[in-house]
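Asker: Turn these sequences into a full structure, and let the hints steer you where they fit.
One letter stands for each residue in the lines below.
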Amino acid sequence: MMVEEGLKMSEKQVRRGAAQQKLLAFASLIVLVVGFSLASPRFFQIDNIMSILQATSVNGVLAVGVTMIIITGGIDLSIGTLMTFCAVMTGVVLTWLGMPLVVGVVAGMATGALCGLISGTLVAKAKIPPFIATLGMMLVLKGMSLIVTGTKPIYFNDTEGYTEISQGSLVGMVIPQFPLPNGVLILFIVAAFIAWVLGRTVLGRYTFALGSNEEAVRLSGVNTDRWKMAIYALAGTICGIAGILISSRLNSAQPALGLGYELEAIAAVVIGGTSLSGGRGTVTGTLIGALIMSVLTNGLRVLSVAPEWQTVVTGVIIIVAVYADQLRRRSAN
Amino acid sequence: MTELVRMEGIDKRFPGVHALKAVSFDLRAGEVHALMGENGAGKSTLMKILSGVYQADEGRVLIDGNEVTLPTPRAAQDLGIGIIHQELALMRDLTVAQNIWIGREPRLSFGRLDEGKLNADAAAIFQAMHIRMDPRAPVGGMTIARQQMVEIAKALSYRSRVLIMDEPTAALNDAEIAELFAIIQKLRAEGVGIIYISHKMDEIKRIADRVTVMRDGAYVGTVEAAETPISRIISMMVGRELTEEAAEIPDLSAAPLALEVSHLSRGHELKDISFSLKKGEILGFAGLMGAGRTELARAIFGAEPATQGEVRVHGKPVRIGAPSDAVRAGIGYLSEDRKHFGLALGMDVRANIAMASLPRYADRLGRINEAELGRIARRYIESLTIRTPGDRQEVRLLSGGNQQKVVIAKWLLRDCDILIFDEPTRGIDVGAKAEIYRLLKELAASGKAIIVISSELPEVLRLSHRIAVMCEGRLTGILPGGASQEQIMELATRREGLAAE
Chain A
1 MMVEEGLKMS EKQVRRGAAQ QKLLAFASLI VLVVGFSLAS PRFFQIDNIM
51 SILQATSVNG VLAVGVTMII ITGGIDLSIG TLMTFCAVMT GVVLTWLGMP
101 LVVGVVAGMA TGALCGLISG TLVAKAKIPP FIATLGMMLV LKGMSLIVTG
151 TKPIYFNDTE GYTEISQGSL VGMVIPQFPL PNGVLILFIV AAFIAWVLGR
201 TVLGRYTFAL GSNEEAVRLS GVNTDRWKMA IYALAGTICG IAGILISSRL
251 NSAQPALGLG YELEAIAAVV IGGTSLSGGR GTVTGTLIGA LIMSVLTNGL
301 RVLSVAPEWQ TVVTGVIIIV AVYADQLRRR SAN
Chain B
334 MTELVRMEGI DKRFPGVHAL KAVSFDLRAG EVHALMGENG AGKSTLMKIL
384 SGVYQADEGR VLIDGNEVTL PTPRAAQDLG IGIIHQELAL MRDLTVAQNI
434 WIGREPRLSF GRLDEGKLNA DAAAIFQAMH IRMDPRAPVG GMTIARQQMV
484 EIAKALSYRS RVLIMDEPTA ALNDAEIAEL FAIIQKLRAE GVGIIYISHK
534 MDEIKRIADR VTVMRDGAYV GTVEAAETPI SRIISMMVGR ELTEEAAEIP
584 DLSAAPLALE VSHLSRGHEL KDISFSLKKG EILGFAGLMG AGRTELARAI
634 FGAEPATQGE VRVHGKPVRI GAPSDAVRAG IGYLSEDRKH FGLALGMDVR
684 ANIAMASLPR YADRLGRINE AELGRIARRY IESLTIRTPG DRQEVRLLSG
734 GNQQKVVIAK WLLRDCDILI FDEPTRGIDV GAKAEIYRLL KELAASGKAI
784 IVISSELPEV LRLSHRIAVM CEGRLTGILP GGASQEQIME LATRREGLAA
834 E
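Protein chains in written order, with our numbering: chain A, 1 to 333; chain B, 334 to 834.
Any given hint could turn out to be false.
[What the hints assert, rightly or not] With the Cβ distance kept under 7 Å, some of the chain A side facing chain B (calculated, not the full set): (1) P179; (2) A209; (3) L219.
Treat the hints as calculated values from the structure; they're not laboratory data.
Quantities reported herein were computed from a predicted structural model and do not represent experimental measurements.
Every residue, glycine too, gets a C-beta built ideally from N, C-alpha and C.
Answerer: And the structure:
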């Protein structure tokens, strides 16, 4: 009887801790939305909200992918240029080889998976610190995109329906009043899938366990190298999805693009309460983090704040968000 | 000879442990005073009090006959007390002289460093020690012995009159030991008092003037090194009465072999080790710190694979190159450091129990059957009486004894029938210890083959059906259960050089 009571208590406490973490980020998001809505009547319009969501989709997908890697205690700096390289490879398959749409999409994702696997191998087998391994990959992939394209963008004018991948609205066809862009729908599907992987599967459990105590996992007889490689490969696949999204939105694969996206994605993850030291983190948090960043950018633009100041504010927000999380954790202990 | 240091009635408690019980100690100028005792006897704690790292709860410390307080390491340094720790604390990328004067660099105007004076001062110290050393050489590339010389020079740079050395020869070869002893002799001749902590009996005979023995945090006695036979010092070290029950030794003559290890070697750490273990048997491993017991366990388990030798499990040879190979063969390893190597502290009891067997409870998509895992976790919580509010509790919130049980549950769930326990009761309080002992005996009775590595002799005696003793990477003997502590200590201190004589 006593034990049962204790059990209920502790489960409640555990849930409360996790909820608190998300609540903090979510509350900041609400405060921002309410603040901007009061400051400008143009902010809380359905069009503007949709454009915020649309702007979140690429960064959000990248951030969700890198969330997994960060939970293992690693980092991936190559996600931005990998995204571009995947877009380029999709362009090669669709525009240059004239293959069907599905093949192009699969090619983009496969490119991501393969490059992720290479990063994962460098980290797990060659024991190169993730920061260095993925820094190298970042530069290699940036160069590869430029080499493959001859530094010129590849346009998707010949592929029918390619822009629909991101710009169209399946939801709008069912509910005309709510034209949710497909890009956002894809973000939500990717997020839901990764949340499921993290919460319900062996891969997810080992993701947290690796970040919590890698040596203990290895000494449990788990082949930690193989799981780590799988995690990097999955994150790479998601970069492939981001590459398809961004090239669909631009109707072209821009080989010079990509650098800087990795830092924005990592910022979203961190704002969402995922610890850079590994072992804890949530996909919902990352989604909220990505939304906070695009709400901020959009809101400041609506208020006609100069773009250079927008960058400064974003930086401050990152520091404040992480500091707030530190305070919360300190008081929890 | 004048008295340099006198410690009287020193008492120190840590949460759950009475580390020092009214201990007394004294040191004269120009003597080498050996401080001996088993692991955990309180030697290091006493020395940390003398060097200002810890503060005594009771008792007083006199230097040159005057009572002093030692609130910080700095205060001890100012009184001329220097300590050379077992793990050297040097900055590898700095030079010898920079290491010696770290934090006290001679300065010129505008905060510029006076490198010339820095090096000259360091050179002067080495000259006084009569050893050759380039103050400008980086410490990183030096042998442990040379680094130790730098540590000694650093301690002397504080004008130390008292020098504490904690197992200084642990990593030295014979030639280096001879050099170190030459320096100790010179310092002694100059009137420095040296406190020498060591496990090595032959060294004590060579270098020490007096020997003080401690046991279980209490002072046992002080004797003249030259006139006291080694056997008497050993009996002072282990002389506690065995109040705990001895192991009941079951008849295992018909039991099949579970594990056979033959000629296992790895570098200097493991030298040609062979033994076997039967189903239902508890084989204890005794030895002093650094004897190679943990290294042996990690080699058998594949955490740091052996370079030579063979391991057979249930009669079949197995190649163990990684922990996953060992686990597949049914070998589980419970590390001495649960928190770093055994548990994911931030994860819950259920996840930790399932850690080694997750894929078995997942379907083809990799989905985990949480309901099933929960049932299993609760079954182990009940059968091993793990005290936790539930299977979703984070393990960092459990006590040491209950954390240990979670690790045991992890290996039982993985169907491991050979279990290696490395210091199974370290950091566990007395009540929980008895429970872990009972659990180990039950596991053996149910047919598990068990290895227990322990630095506490009573623990080894209480649990083991046979006792393997190691010294410096070699297995020096296997004793039957119920052997005396003196027999074990004799094997544990049987060094290679001595054995040859």
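Asker: For each hint, tell me whether it holds in the structure or not.
Answerer: We went through each hint and held it up to the structure:
1. P179: Nearest chain B Cβ about 33 Å off; hint violated.
2. A209: holds, 5 Å
3. L219: Result: holds, 5 Å to nearest chain B Cβ.
Hint 1 from the earlier list is the only one contradicted by this structure; the remaining hints agree with it.
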